[in-house]
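Line by line, the protein sequences are chains A, B, C and D. Residue numbering for the first sequence follows our numbering, beginning at 30 and increasing consecutively. Residue numbering for the second sequence follows our numbering, beginning at 21 and increasing consecutively. Residue numbering for the third sequence follows our numbering, beginning at 139 and increasing consecutively. Residue numbering for the fourth sequence follows our numbering, beginning at 6 and increasing consecutively.
Simulated from the structure, these hints should not be mistaken for laboratory data. Ideal Cβ placement from N, Cα and C applies to all residues, glycine included. Don't take each hint at face value.
Unchecked claim - Okay, the calculated bits of chain B under chain C, using three or more residues with CB under 8 Å as the criterion:
#: 1; segment: 203 to 211
#: 2; segment: 298 to 308
Said to hold, decoys possible - Below are the SDA-like pairs computed for lysine to any residue, each with C-alpha atoms no more than 20 Å apart in a straight line:
#: 3; chain 1: A; residue 1: Lys89; chain 2: A; residue 2: Ala39
#: 4; chain 1: C; residue 1: Lys165; chain 2: D; residue 2: Leu16
#: 5; chain 1: A; residue 1: Lys88; chain 2: D; residue 2: Thr89
#: 6; chain 1: B; residue 1: Lys485; chain 2: B; residue 2: His411
#: 7; chain 1: C; residue 1: Lys170; chain 2: D; residue 2: Gly11
#: 8; chain 1: C; residue 1: Lys170; chain 2: D; residue 2: Leu12
#: 9; chain 1: B; residue 1: Lys51; chain 2: A; residue 2: Val95
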Amino acid sequence: MLSKIVRTVANQLIVFILIFGLYVIAHGHLTPGGGFQGGAVIVSGVVMLLVAFSSKELKKSLRERVLTILESTGALIFAALAFAGIGTAFFYNLLVDTPIFGRIPPTGPGPGDFWTGGVVPLMNFAVGLKVVAGLSAVVLAMALFSSGEEVEE
Amino acid sequence: MAALITQAPILIIAIPLVAAFLTPLIGMASKKARNALVIVSLVFVAFLVFALARDVVINGIHVYTLGATSPGQTIPTGFMVPVRIILEIDAMSAFFSIIWSIVSLAAAIYSLSHIANETGQTRFYTLLLLMVTGGFGMMFTGDLFNLFVFLEIASISGGALIAFRTRFGDTQEGGFKYIVVSAIAGLMVLFATGILYGQYNSLNIAILAQAIQYTTLDQIALALLLIAFAMKTGMVPLHLWFPDAYSVAPASITGMLVITSHACMYAAFRVCFTLYGAVIDAPVVGWILIAFGLLTMFIGVTMAVFQKDVMRFMSYHAISQLGYMWLGVGVGLAVLGNPGLLATYGRDAMSGGIFHILNHAMYKPLLFFTGGALFHLTGTRDLAKMGGLAHKMKWTTILYIIGTLSISGIPPLNGFSSKILIYESVYQFNPIFTVIGIIVSILTLASFTKAFHSAFMGAELPEYKGVKGVPRSMIVGMVILAAGIIFITLFPAQIVNWILHPAADALIDRGAYINAVTGVIP
Amino acid sequence: MEHMPLNFPFLAAALLAAVSFYIMIFKKNLIKLIMGIAMMSSAVNLFLVALGYRAGGNAPIYTDVPEGPMVLPVPQALTLTSIVINVAVLALMLTMVMQIYRHTGSLDSEKSRKLKG
Amino acid sequence: MRRVVGLILWLVLVAFLVWGALLIHPFGYPPSDMDDYMIENAQEETGNNNVVASVVFDYRGFDTLGEATILFTAVTGVLLLLRTLKRGEGDS
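So that you can see chain A by itself, here it is in the shape it has in the complex (with noise of 0.2 Å):
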């Protein structure tokens, strides 16, 4: 555990980086960035949580078993937008023309709309809620391993 300003400079800090990590996912079909890269923003803010406190203290708010079922349903929900084109291919975006971020940008340059992108917003969403879970459930399982404790089953 570091000392006391470094922390409560953390915990202020944690704000932000979640924030930034949010729009980075949030607005992959328009500008750089997307689950993956906004998942890895909010996972170093972990790894700040995580040097600032002691492992034991942050495995007290964040537990093995919940990771574990968000990374779970993050791939699923990511699978299951994979499947619920089935009806005319895997994989097909069938979100393009409806209501729900169906909208179609103007060919060429734009200056983007938020409402587009089919299922790939929700994918990355899915994605960034799976890379979230598991890097921390990874960084957090190799914290406690270094200092001594084991991983729950």
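On the provided structure of chain A, position chains B, C and D as indicated by the hints.
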């Protein structure tokens, strides 16, 4: 049913995948439900594989374009090359997927009691299903980068499963070696993919096969691909990691690893015959495969003779048997440019090599499973410490004898049918190879007899008086494979006509593979 | 932009790969071996991205993009996939090294070799 | 002996790598049939302004599913290997 067959290629990959994602959630609620999910999904996948394979043999190649407006639309309207990932199943892929579905089912059933006393079972089954996904993906994909992705899925899950028993140090080393070799092989495949993409701006195997020029860069890519896949199959100069990894894994996983090495062999065949088929310097590459195949056969068996550890001993035999397949297919490749010789013996040699893959996929996991049963009962892998176990494990003894006779090529059993096919055809190519093959076969029989003697025969040892028999699910897993062996033994002609010749022809006939994507009716 | 002399980015990727091969062949420490593999994956990623560059191109994103050609999108997607795959492989390899260290107390690939064959 | 063999192997590899790097197409002028199709049609077909996102999640979405699967595999593997062994110390 027709719709199911149309969707079968993706369902075969996606069902184990979704089951793997579900396993951690269901495993928290109930162990029984989790085991049922694993077995039911694998049984359903096996059913789909058989239906699809039947359809492929009757109606020809299946293609499935992911995300297109219809699965058959490989190329977007008004354009020349495919932009989406295409799954392509010809008789060769169907053949390998049949093997994979049977062995993975047997391994899953075997695991039910083999790891019953361990912690972390839910994660074990999750990884097992992911490994199944990776194997099917490698066999079905028609896209080079997708092949790399599934290769990595199969090898990462395999590496983690090898290291499953974390309380032993050697499992960690074996897993680490496997994962390092896989990572290097994967990066080599990725390098080669990049080289081919940079020249032809496509990732589809059929389109690349159509466009390929055999420039120097293509030759470098070919070398990278072949070395990578040969490294993953444990060909001799690159085999040092192979027994270390195979001997320490749980026995069910070792059985599955044998088939992942066959999947890598499939990828190597795909590269040699389909991707580079038109331009490849066939005699040179064929002779290289033959030379390394013979070396693999010989060194594998000579190393096996000295092993005391039952799983290491079987791993070296696995290396040695893989040499037969390289030999058979290498002879086929060496005469690929010569239709006359190809018809006289080339096609038979290839069928023999492929037949040997089928046989090996049945008896080698069976032998590994019996080795695992020995370990399960005695807690040691050292042959010198075993003895008199036939009293305790009657079924295992019988199954071990079936496996031994099969691997040594004793006449009535299936190992003989494939070896005789290889010997006969290779004899016409070069008689010395046949002699080497027979010598290796005799050494195999001798060393397996010796191992049989030290593990099963003799008086019952006092320290194994109290042990219980082999649990039932392990016996069931082994019996599935033994039933496969007996089926092949009883109907060799049907197997050759219905499975092996279509598979060998699919390798030779690269035009059909390309036309299935480009849509040109020959 | 004119032709870069001697395909400089490809040469850089080749040299990075050469350094990583050197580490993998000659270094005995397992952590260094892992670093070699990480460097090799960086070399492959650099190679893939360099394949897709088009002279004077913009990023292939239509949101507020200036006029001009766009670089190829597929290599960028491949690189993204490859980066994530390498993260996964590295995580697993490091875990195994942690376990090896726990069992043998050493990171030397010669010393920790219990298996012979 | 081992060092000499390693050195020769390494020099051969480096020679091949540099040779390959010199042979590949000039930097900045790649062949681009497939990619041009994507750049032109991504907005219309997938509704994405970001062509890379449309390649990652639509044209080559299956790769991304595989990639997510690999991450899932690795996480499961890491948690499997670092698990506690408190229960079940029996024979395997």
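Going through the hints against the structure:
1. 203 to 211: With 6 residues in contact (Cβ-Cβ under 8 Å with chain C), the coverage given for the segment 203 to 211 of chain B holds.
2. 298 to 308: This one is violated; 0 residues, fewer than the three required, reach chain C with a Cβ under 8 Å.
3. A:Lys89 to A:Ala39: Holds, at roughly 17 Å.
4. C:Lys165 to D:Leu16: Since the Cα atoms of Lys165 (chain C) and Leu16 (chain D) sit roughly 16 Å apart, the hinted pair holds (cutoff 20 Å).
5. A:Lys88 to D:Thr89: The given pair, whose Cα atoms are some 15 Å apart, holds under the 20 Å limit.
6. B:Lys485 to B:His411: OK: Lys485 (chain B) and His411 (chain B) at ~10 Å, within 20 Å.
7. C:Lys170 to D:Gly11: Judged against 20 Å, a Cα distance of about 17 Å means the pair holds.
8. C:Lys170 to D:Leu12: Holds, at about 18 Å.
9. B:Lys51 to A:Val95: holds (19 Å)
Hint compliance for this structure: hint 2 is the single one not met.
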